[in-house]
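Chemist: Everything in the sequence shown is counted per the working numbering, starting at 265 for the first residue and increasing by one.
Derived by calculation from the structure, the hints in this document are not laboratory data.
Please note that a few of the clues may not be correct.
[Said to hold, decoys possible] Label pairs and their in silico Cβ distance ranges: (1) A424 / D317: 34 to 42 Å; (2) L484 / N464: 15 to 23 Å; (3) A424 / H491: 18 to 26 Å; (4) E379 / T492: 41 to 49 Å.
As the structure is a prediction and not an experimental result, all values here were calculated from the model.
Here a beta-carbon is modelled for each residue, glycine too, at the ideal position from N, C-alpha and C.
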Amino acid sequence: MQATLNDTVTFQGVGLHSGASARLDIHPAPAGHGIVFRRTDLFPNVDIPALWDHVTPSRLCTLLDNGQGVTLSTVEHVMAALAGTGIHNALVTIDGPEIPILDGSSAPFVAGILETGIARQAAPLCAIRVLRPVEIREGDAFARLSPADHLEIDFEIDFADAAIGHQEKRLDMANGAFLRELADSRTFCRAADVDAMRRNGLALGGTYLNAVVVDGGRVLSPGGLRHTDEAVRHKMLDATGDLALAGAPLLARYTGHRAGHAMTNRLLRALFADPEAWTWELCSPELEGRLPGAGVADYARPRIAAVFAAE
265 MQATLNDTVT FQGVGLHSGA SARLDIHPAP AGHGIVFRRT DLFPNVDIPA
315 LWDHVTPSRL CTLLDNGQGV TLSTVEHVMA ALAGTGIHNA LVTIDGPEIP
365 ILDGSSAPFV AGILETGIAR QAAPLCAIRV LRPVEIREGD AFARLSPADH
415 LEIDFEIDFA DAAIGHQEKR LDMANGAFLR ELADSRTFCR AADVDAMRRN
465 GLALGGTYLN AVVVDGGRVL SPGGLRHTDE AVRHKMLDAT GDLALAGAPL
515 LARYTGHRAG HAMTNRLLRA LFADPEAWTW ELCSPELEGR LPGAGVADYA
565 RPRIAAVFAA E
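Make a model of the complete structure from these sequences and hints.
Modeler: As structure tokens, then:
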């Protein structure tokens, strides 16, 4: 069945790239509503659906556009948290142009959602089943969706900095794996890139406390890494959020090799441009049990929320 939140949950922070302060509230929404963002700093308020065809090209983040020039950036971490906890319907209000970065991961969003609780709704849930492979390539980078009975993510990265280097990870996203394996992994960057980003008006809100900054073999952020392979885990977190812009759970295997936000969006566009590559599927109880948010409300709230709150 579809799900929303029991109550509204609030977050306050600054945008990673804009440096602008913003308050974000995730509100319950009725069945069939989907995920919708609302800019409350504008009059009248402007709604932007969290869907793949509202994504516009942007560097280093996922940017939504209402089609009339109103945008909202860096939506990927909160989208990943909603997908990972199995929330299908929510109104997300924000009084600024960018989602707060918080600690650089999805963990604070997940903790807030689990704290307020998940409400099941009396409406059936449909998933998107991928029927045949769809692939996007750009040089030696590629992203691919291929048929699977549940969402799997297989990611590989390769960076010159020894603190990151070559990392790869494959994960079956069913039944809370996002919370256990990916949610606390933070965004990362190379120290050599920070000045260049700021000269271009990016990373203005970035600090060592909301991003993992590496310099060669050194991790400059206090406390070091949360996982030895935190970088590839964060890329998988980003992919989870970007794939959630499909508008429904995906039954597919996502393979990413040096892929990023723009490539994942191009992949969704290619998928939906081919009517023979996908179909809607009504979720049976057995299929629902293989979705990312299945069982989260039952076992994760007291245990994982406490861990995230302590970060």
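Chemist: None of the hints should be skipped; say for each whether it holds.
Modeler: Structure-based check of all given hints:
At about 35 Å, the CB distance of A424 to D317 agrees with the hint of 34 to 42 Å. Separated by about 21 Å at the C-beta atoms, L484 and N464 satisfy the suggested range of 15 to 23 Å. One distance hint, 18 to 26 Å for the beta-carbon pair A424 and H491, holds here, with the actual separation near 20 Å. One distance hint, 41 to 49 Å for the beta-carbon pair E379 and T492, is violated here, with the actual separation near 29 Å.
When held up to the earlier numbered hints, the structure conflicts with hint 4 and nothing else.
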